[in-house]
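*Asks:* Chains H and V supply the protein sequences, listed in that same order. Counting along the first sequence from 1, when you hit position 43 you're at 46 in my numbering, and nothing is skipped either side. Counting along the second sequence from 1, when you hit position 59 you're at 361 in my numbering, and nothing is skipped either side.
What the hints contain is simulated information worked out from the structure, not anything from laboratory work. Keep in mind that this is a model prediction, so the values were computed, not measured. Careful, some of the hints might be misleading.
[Claimed, not checked] Derived lysine-lysine pairs resembling DSS-like cross-links, with alpha carbons at most 25 Å apart:
1) LYS101(H) <-> LYS498(V)
2) LYS114(H) <-> LYS518(V)
3) LYS110(H) <-> LYS503(V)
4) LYS498(V) <-> LYS116(H)
5) LYS538(V) <-> LYS101(H)
6) LYS518(V) <-> LYS503(V)
7) LYS445(V) <-> LYS538(V)
8) LYS114(H) <-> LYS538(V)
9) LYS503(V) <-> LYS116(H)
10) LYS73(H) <-> LYS22(H)
11) LYS110(H) <-> LYS538(V)
12) LYS119(H) <-> LYS445(V)
13) LYS129(H) <-> LYS116(H)
[What the hints assert, rightly or not] Which bits of chain V does chain H cover? Going by a derived footprint, with three or more residues having C-beta under 8 Å, they are:
14) 355–366
15) 493–505
[Said to hold, decoys possible] Calculated Cβ distances over 10 Å to all of chain H for the following chain V residues:
16) GLY449
17) VAL510
18) PHE564
19) PRO589
All residues carry an ideal CB built from backbone N, CA and C; glycine is no exception.
Each chain is listed here by its residues.
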Amino acid sequence: MSAVQVVGTSKIFNEGSAKQVDAIVEVNLTVESGEFVSLIGPSGCGKSTLLRLIANLLEPTQGVVSVNGKTAAQARLDQDYGMAFQQAGLFDWRTVGKNIELPLELKGWDKTKRAKRAEEMLHLVKLPEFAEMYPWQLSGGMQQRIAIARALAAHPPLLLMDEPFGALDEMTREYMQGELLRICAETSTTVVFVTHSIPEAVYLSNRVVVMSPRPGRIVEIIDVNLGAKRTEDTRAAEGFFRSITAVREALRGTHADHVAATAIRGVEDR
Amino acid sequence: MTLVGRIAYRTSMFVLAIAAIIGAWELYKLIGPQGGGKFFGVSILPRANNNAMPHVWDMFSRFGRPEVRGSDRKIWVVVLSGAWFSLRLSFVGFLLGSTVGVGLAVLMTRFRIVQRGLLPYLVMSQTVPLIALAPLVVSWGGKLEIGSFVWPRWLSASILGMFLAFFPIAVGTLRGLASAPSAAMELMESYAASWKQTLFKLRFPAAVPFMVPAFKLAASGAVVGVVVAEISTGLKGGIGRLIIEYAREATGDPAKVFTAVFGAAALGLTMSGIVAVSDLLLMRNRPKETTT
């Protein structure tokens, strides 16, 4: 059973009006269980829209989205996925522990079970001593780790991430990438990851989905063969650079009819 | 700053402000015109004589003397019990106003159409002069019966307190409930949280920084409403009644009316004090930049 299946899906905003935007058109994508798939493309290519369709935060105009063999709507009701955004989005008025407990609270878990799970999650993200602190007392990277802990608290099989490390500095970002891979391996979570960064997409993913803007389409899906276990050495490996080049060329291709200078606007080349 | 430090700082600033007001008062008495002053034929400067502006020490010493000559009830006892009476009415008005205000805000958040239809009327309601409304509401006293419940006269004063209290709360809470960031709303949606869960776990906590100043305004509004209702209808027992009674004696005993005015001020301070304490408690774990 595939973790995510997107079939012939389009999303058109303001259909029929002058402000009509074809966010994504005729997208087909299958993500297998345990896979790490990144969505990359210039601003406005609909990668966040695609993620929100999978999350059932948006309804497709056309086509079918299924998650874990269920409709996307049912998967959302069953909390089959966790979600993390660019802003950690922790609640200021809750302690770190209580933030992680939020999805469990909404599911109606009892107090002791919640506290136990929150503690497990804090260990998983290596911040065990922070349960009683408040989010605003933590650094950006720590906040993002708590957000991941919260997203995974209910042990969902799927994690959806929308540029989660976009607001972090480069050093923290690389550290977080390593941590994310470790966490996902430990919990065997499937990930769909939206990013602007080519190296980030390549380092993290089994497959990189390259999208083109207006209308948003998948132009190419690039397999990254860097092995299951990735370390800091991976960043210096030849295969890493080869894949980066492949993704970059695919991105260039999305702009064949554009001026080169504006070609990869919105995509960070780092 | 620690909680104790912040309280100490606020208290000392308060004392300083009082001292500055007393100083300004006495200074004006010293240099102001005794018979009042005119600018271009309009009398605008208040009289600085002892009848219009008694000395501060006269006003305070008046508290220690009997209310009427020969009586053994000291005036501070009378003023204090009057203030206590009005405080209770104000508190009832404040509670009613909070319930109505928060209720309306929730309703307006839930149903956009209610917000569009109701909000202009709420704004308009605040333009009705309280003095015009007071006799009407007070006339319900003793006449209105709902089942076995007979409308007591004091409740009318509380209703007028409510009338001034609910508006800032409704508007402040409405803004606060809408202040939850869209990413947080999306997160709750991704958890398939119900509207009620989102309201209590996200919207209300996010609204607290907006609600606290609204409640402060409402607390003083409730006091003003009650005192004005007492004054304009002569409701017995409260500080408002004392103000009109003592004002009649202003020529013979000018310091007397000020004791009642001080009582009213203390009343307002007590109400906002109650809210300020709950503010400190509610906001103690928030990022300090957002506290006011």
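*Asks:* Each hint should be assessed against the structure and marked as holding or not.
*Replies:* A quick look at each hint next to the structure:
1. LYS101(H) <-> LYS498(V): Given pair LYS101(H), LYS498(V) holds - Cα atoms ~19 Å apart, limit 25 Å.
2. LYS114(H) <-> LYS518(V): Cα-Cα ~35 Å, so violated.
3. LYS110(H) <-> LYS503(V): Given that 25 Å is the threshold and the Cα spacing comes to 13 Å, the pair holds.
4. LYS498(V) <-> LYS116(H): The given pair, whose Cα atoms are some 23 Å apart, holds under the 25 Å limit.
5. LYS538(V) <-> LYS101(H): Outside the cut-off at roughly 52 Å; violated.
6. LYS518(V) <-> LYS503(V): Status holds; Cα separation ~24 Å.
7. LYS445(V) <-> LYS538(V): holds (18 Å)
8. LYS114(H) <-> LYS538(V): violated (53 Å)
9. LYS503(V) <-> LYS116(H): Holds, because 19 Å separates the two Cα atoms, which is no more than 25 Å.
10. LYS73(H) <-> LYS22(H): Cα-Cα ~33 Å, so violated.
11. LYS110(H) <-> LYS538(V): violated (55 Å)
12. LYS119(H) <-> LYS445(V): violated (60 Å)
13. LYS129(H) <-> LYS116(H): Within the cut-off at roughly 20 Å; holds.
14. 355–366: With 0 residues closer than 8 Å to chain H, the region 355–366 of chain V misses the three-residue bar; violated.
15. 493–505: It holds, with 6 qualifying residues against the three required.
16. GLY449: holds (40 Å)
17. VAL510: violated (7 Å)
18. PHE564: The claim holds: PHE564(V) sits with its nearest Cβ about 39 Å from chain H, beyond 10 Å.
19. PRO589: PRO589(V) not clear of chain H: closest Cβ-Cβ about 4 Å, inside 10 Å.
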